[in-house]
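Trainee: Sequence:
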Amino acid sequence: MDVTHSYNSFTSNEDEHLYTEWKDIQKTTFTNWCNTILACHNVVIQDLYKDFCDGVLLIKLYETISGKKIDKIIKIPKIFTHKLENISLVMKEMNNDGVKFVNIDPLDIGNGNPKLILALIWHMILYYHIGIFQSINENASCNSSYTKSTLKQQNKSSSDSIEKKDVLTVHSITPKILLLKLINSLLPELRISNLTTDWNSGKLLAALVEKLSPGSCSSYQSWNEKNSLLNVTTALCLAEVHLGIPVLIEPHHMAAKNIDELSMITYLSSFIRDGGVVEKYFVTTLIEKFPSLNCIISNMTSDWNNGIALCKLVQACNQNALLNG
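Counting from 1, one number per residue, gives the positions in the sequence shown under full-length UniProt numbering.
It should be emphasised that the hints constitute simulated quantities derived from the structure, not laboratory data. We put the beta carbon where it would ideally sit given N, CA and C, even for glycine. The reader is advised that the hints may include incorrect statements.
Taking lysine-lysine and the DSSO-like style, the derived pairs with C-alpha atoms no more than 30 Å apart in a straight line are [stated by the list, open to error]:
id, residue 1, residue 2
1, K50, K60
2, K211, K115
3, K72, K280
4, K60, K72
Distance ranges between label pairs, derived from CB positions [said to hold, decoys possible]:
id, residue 1, residue 2, range
5, P114, E63, 20 to 26 Å
6, P188, D274, 20 to 26 Å
7, S222, C40, 16 to 22 Å
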């Protein structure tokens, strides 16, 4: 069973048990993520299922992660209706940003529905943290996501979005595929095939840290794979110290056989955020290999928009290229 179906219905007792485990792991990871985002407000989420019910902290989370401001909020909601109004403001803004809600409304969040609160936070991570869009519904999974640029094509109405689904799928990319492609490009010799069991021993994370910060974890190859919890704990700490990657996932969760894929995606996405360590690595590597790009690129996004950096790169790779262009 694919753990990316964490919010789908479960039909067997074994599946239900696994879902309960994943749900608890996701609650911990998503809580850690929220607290990392809200740290600038000196706010701490104690219970993910209760602390968002009045909408106040949910508004703070949205404003911080989106960079936008919500007006007309009720700072001290005293009745349930006021709480729903706050939650509605967030959902309305997210909808305006392009996040579509299906079978989920403010009442679900106000009532502390665990499944739908996890789904809401997961899609905030997808859209605002990773930059991938996906419709939110009660059976959400991360198997059918769209990049923000693709999302702009489907912003007329919910019905239009459904009609265009088959066309848009051509341009879709899941966060799992995105992460696997990027990490494999950094560590091609390791041939990583998943975001779950490949990471249990801690050595793969250590290899990633060493790649991005040479010398920080040079002894990882000699680590004993049987000491998985120690390895994972060490690698997580080294990633935080040398790369500034927050420890969003608990070490024993990462070392567990039933490791949760959404939690791993949440953690690993911190490496690939805009302006993050992976982007800086690629920029530095390109400039070292192609000095002509120096002073032209400082990122892997907007600096490439006018085509100059790409032309310089092509010319550097092939001196005869673009001579007539």
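Trainee: Does each hint hold? Answer for all of them.
Mentor: Now for the hints, and whether the structure bears them out:
1. K50 - K60: With a Cα-Cα distance of about 15 Å, the restraint between K50 and K60 holds, given a limit of 30 Å.
2. K211 - K115: violated (37 Å)
3. K72 - K280: violated (39 Å)
4. K60 - K72: At roughly 13 Å apart (the allowed maximum being 30 Å), K72 and K60 satisfy the hint.
5. P114 - E63: 20 to 26 Å: holds (24 Å)
6. P188 - D274: 20 to 26 Å: holds (24 Å)
7. S222 - C40: 16 to 22 Å: violated (39 Å)
Of the numbered hints given earlier, the model fails hints 2, 3, 7; all others are met.
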